[in-house]
Amino acid sequence: MSDLKTFPQGGVHPSDQKLSAHKQIMVLKLPPVVKIPLSQHLGAPAMAVVKKGDKVKVGTLIAQSGGFISANIHASVSGTVSMIGESTDTSGYLKEVVIINVEGDEWEDSIDRSSDLKKEIVKTREEIIETVKNLGLVGLGGATFPTHVKLMVPPGKKAQILIINGVECEPYLTSDHRVMLERADEMLVGIKIIMKALSVEKAVIGIENNKSDAIKHLSDKIKDYPGITVQPLKVMYPQGGEKQLIKAITGREVPNKGGLPIDVGVVVQNVGTAFSVYEAVQKNKPLLERIVTITGKSVKNPGNYLIRIGTSIADLIEAAGGLPEDTGKIISGGPMMGKALTGIDVPVVKGTSGILIMTKKDAKRELQGSCIRCGKCISVCPLGLEPYLLYQLSNRRKFDRLESEDVMNCCECGSCQYTCPSSLPLLDYMRLGKLEVGKLIRARKNN
Amino acid sequence: MDSLMLSSIVSLSAIGFVSASVLFVASKKFKVYEDPKIDLVEKLLPGANCGGCGFAGCRNFAEAVVKAGKLEGLNCPVGGSSTMIEVGKVIGIEVVVCEPLIAVLRCNGTKIHAVAKVKYDGAQNCVVAHSLYSGESGCPSGCIGLGDCVRVCQFDALYVDELTGLPVVDEQKCVACGACVKACPRNIYELRPKGPNGVRVYVACMNTQKGAVAKKNCEVACIGCMKCVKVTDSKSVSVNNQLSYIDTKVDACVHGPALIGCCPTGAILGVKIEGNKSVKSESHS
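Read top to bottom, the protein sequences are chains A and B. Taking the numbering used here, the leading residue of the first sequence gets 1, the next gets one more, and so forth. Taking the numbering used here, the leading residue of the second sequence gets 448, the next gets one more, and so forth.
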């Protein structure tokens, strides 16, 4: 066990709690109405191209990408656009959405809905990137960075290795795990497509050792796909972070201060993204549904569901047996990096990897103490930062000093807050620091 | 022994004399002329170094005043008009007295008016909470009540009322330095004229959502119904994005009662005017 690879610095090991790991992916029934937000990716929001009363089919383009770093959005259901208005998102703020009343399930003719595996890649490099761009693909790991931007290697740089992220280090979440088990062939073809787009010869799928069935399943499958290898990894949070995964698999270090994986010849994609690349390139299917884990200790039927984008989270909770009585907190994402919801009538978006329902007991924050200078946060920080210091600086609004202490390198993994014996809200202040320092940097650029 | 003492005295005196001459020459050669008015102005200022004037401290403000030779755009909000008249005398100009200002909280979303739907137990800091979610009541413009403004106030003029969950401005202590205006992530504070004998009227709401949405989260939200415009005129009261704003020049003694009376939700508050529909006004006046 101990000779397994992992990243060398920091990290914590929260309890797995993969309650839904053995639950097969189920298709959630169509909701009566969907709300599709226009900003569900990193970058500029998309602009609506439909209007009230328009009839749409599944896969119809409803919003055009609003810039270079942005993504197209497609209708996930067929029906009538009832309104282009505002609706609350997970944080309770109003965001622009397209609301569609569902009528039947009629798909665009261009989409190939057959389930047979299409292995042969006929499209050229440029065609692949164009398709991925047009069909609105974004990274499904959680950060929702537009996929086509990652596939375009900047001039002067060369990609050598493609890393496929099957780590899923967040406790509770199992959607990537299920993709690797149930959609393995499609995902591997997807990886081949991404390899072609990047013109790399080598791809490594990184999987943590707690998913031994996925490691075994894929190790059998990759025999038919030359160039792809599976790399088992030691269980350690936050191994799914891009920088940590690259370090664990290749030993290369992404430079600080805004360095990108491509600077060390690496591109990282999530397993779910690889699957959606397959569907887009081979079947011409836009990103209009995704696999979402619904889980929690008190949930009656934790499971993994294939859900149309825009479905209300309330429908998903209903399918999992309803909201348990002693619910203390509902989190979109995993317990480490996820965000608490302010209400359940919010839509599932491209970046929703899971919904976690916590009991009152588990959701309760410990009483906040004072920093006792134990240094635990420093030893667990995977990026070698000093969270206790950054917390103090952020609290006292010393933002120029914060910048020189590299607060922008923080990946918000929350390991520091998880380990703090005084239960200080370290991550909250880290986010505040990043927000304010980001403003300073932008102001300097504009001057 | 004697010679030792004598040589010590002589050599020390010599060193002292040489050093003194060097210092004397240096002080003549490198003398920087500094306007004596700067010291005079600085003495008149309160010396709180609060930054309310926009400068790092009182000394910097004094330098700026003397350098400019006029007072346009320069004002010490803490010292107020009496200080500025004195400062004006030093630099030799007449000072026109402007009205004293006070910080006004444009939100009345108390725990009773804007009932909490969710509970926040994260970092007790308004900026953090604002970046994470819309607030316990769901109003995206309302006061979060975690007291960032209280922490930045150097004059002890603010405290959070336990009963309402909102910060209260102490009329006697507030000097309108504007620190709370800058600290509030939702821009709820406004510096408004104190008004004749402290009589003033204002819209205690910042919500720009449509009436029905705003009202769902808070009973006393401004719904942009335009009634306040009708009882006065469009110059005194303007409604933009479903949110009313009463101009600071409106005479609260004349229009105040009508404005407060016409508002169907009670979003318009008055100080020292009869007829407020809210519980907050009592602690506010």
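These are calculated hints, taken from the structure and not from any lab test. Please read these numbers as outputs of a predicted model, since none were measured by experiment. Mixed in with the good hints there might be a few duds.
[Said to hold, decoys possible] Once the Cα atoms are required to be at most 27 Å apart in a straight line, the calculated DSS-like pairs of lysine-lysine come out as:
| # | chain 1 | residue 1 | chain 2 | residue 2 |
| --- | --- | --- | --- | --- |
| 1 | B | Lys476 | A | Lys95 |
| 2 | A | Lys439 | B | Lys629 |
| 3 | B | Lys566 | A | Lys339 |
| 4 | B | Lys629 | A | Lys300 |
| 5 | B | Lys558 | A | Lys360 |
| 6 | B | Lys696 | A | Lys95 |
| 7 | A | Lys300 | B | Lys564 |
| 8 | A | Lys361 | B | Lys490 |
| 9 | B | Lys564 | A | Lys360 |
| 10 | A | Lys283 | A | Lys234 |
| 11 | B | Lys566 | A | Lys361 |
[As the list claims (entries may be wrong)] Restraint-style ranges between C-beta atoms, simulated for each label pair:
| # | chain 1 | residue 1 | chain 2 | residue 2 | range |
| --- | --- | --- | --- | --- | --- |
| 12 | A | Met408 | B | Ile462 | 30 to 40 Å |
| 13 | A | Lys202 | B | Val562 | 54 to 64 Å |
| 14 | B | Lys564 | A | Lys361 | 51 to 61 Å |
| 15 | A | Arg397 | B | Asp608 | 56 to 66 Å |
| 16 | A | Glu127 | B | Ala659 | 47 to 57 Å |
| 17 | A | Ile378 | B | Pro483 | 47 to 57 Å |
| 18 | B | Lys566 | A | Thr124 | 31 to 41 Å |
| 19 | B | Glu541 | A | Ser423 | 33 to 43 Å |
| 20 | B | Pro632 | A | His22 | 37 to 47 Å |
| 21 | A | Ser370 | B | Pro704 | 47 to 57 Å |
| 22 | B | Ala659 | A | Arg397 | 55 to 65 Å |
| 23 | B | Val543 | A | Ser423 | 49 to 59 Å |
For each residue, glycine too, the CB sits at the ideal point set by N, CA and C.
Structure-based check of all given hints:
The suggested pairing of Lys476 (chain B) with Lys95 (chain A) is violated, with an alpha-carbon distance near 67 Å, which exceeds 27 Å. Between Lys439 (chain A) and Lys629 (chain B) the alpha-carbon distance is near 15 Å, which keeps this suggested pair within the 27 Å criterion. The suggested pairing of Lys566 (chain B) with Lys339 (chain A) holds, with an alpha-carbon distance near 14 Å, which does not exceed 27 Å. Between Lys629 (chain B) and Lys300 (chain A) the CA atoms are separated by roughly 48 Å; this puts the pair beyond 27 Å, and the hint is violated.
A hinted pair counts as satisfied when its Cα atoms are at most 27 Å apart, and Lys558 (chain B) with Lys360 (chain A) qualifies at roughly 23 Å. In summary, the hint linking Lys696 (chain B) to Lys95 (chain A) is not supported, as the alpha carbons are separated by about 36 Å, beyond the 27 Å threshold. Between Lys300 (chain A) and Lys564 (chain B), the direct Cα distance comes to roughly 25 Å. Compliance with the 27 Å bound is thereby established for this hinted pair. Simply put, Lys361 (chain A) and Lys490 (chain B) have alpha-carbon atoms about 59 Å apart, too far for the 27 Å limit, and the pair is violated.
Our distance criterion of 27 Å between C-alpha atoms is met by Lys564 (chain B) and Lys360 (chain A), whose separation comes to about 16 Å. Note on Lys283 (chain A) and Lys234 (chain A): the hinted pairing is violated, with a Cα-Cα distance of about 35 Å set against a maximum of 27 Å. Note on Lys566 (chain B) and Lys361 (chain A): the hinted pairing holds, with a Cα-Cα distance of about 15 Å set against a maximum of 27 Å. For Met408 (chain A) and Ile462 (chain B), the Cβ-Cβ distance of about 55 Å falls outside the hinted range of 30 to 40 Å, so the restraint is violated.
Distance hint check for Lys202 (chain A) and Val562 (chain B): the Cβ-Cβ separation is about 58 Å, which falls inside the suggested range of 54 to 64 Å. Between Lys564 (chain B) and Lys361 (chain A), the C-beta spacing of about 22 Å breaks the proposed range 51 to 61 Å. For the pair Arg397 (chain A) and Asp608 (chain B), the beta carbons lie near 25 Å from each other, so the given range of 56 to 66 Å is not met. Restraint check, Glu127 (chain A) to Ala659 (chain B): a C-beta distance of roughly 49 Å satisfies the suggested window 47 to 57 Å.
In this structure the supplied range 47 to 57 Å holds for Ile378 (chain A) paired with Pro483 (chain B), their Cβ-Cβ distance being about 53 Å. The supplied range of 31 to 41 Å is broken by Lys566 (chain B) and Thr124 (chain A), whose beta-carbon atoms lie about 55 Å from each other. Look at Glu541 (chain B) against Ser423 (chain A): about 60 Å separates their beta carbons, and that is not inside 33 to 43 Å. The hinted range of 37 to 47 Å is satisfied by Pro632 (chain B) and His22 (chain A), whose Cβ atoms lie roughly 45 Å apart.
Between Ser370 (chain A) and Pro704 (chain B), the C-beta spacing of about 51 Å keeps the proposed range 47 to 57 Å intact. Judged by the Cβ atoms, the range 55 to 65 Å given for Ala659 (chain B) and Arg397 (chain A) is violated: they are separated by roughly 38 Å. Val543 (chain B) and Ser423 (chain A) have their C-beta atoms about 55 Å apart, which keeps the hinted 49 to 59 Å range intact.
Hint compliance for this structure: hints 1, 4, 6, 8, 10, 12, 14, 15, 18, 19, 22 are broken, all remaining hints hold.
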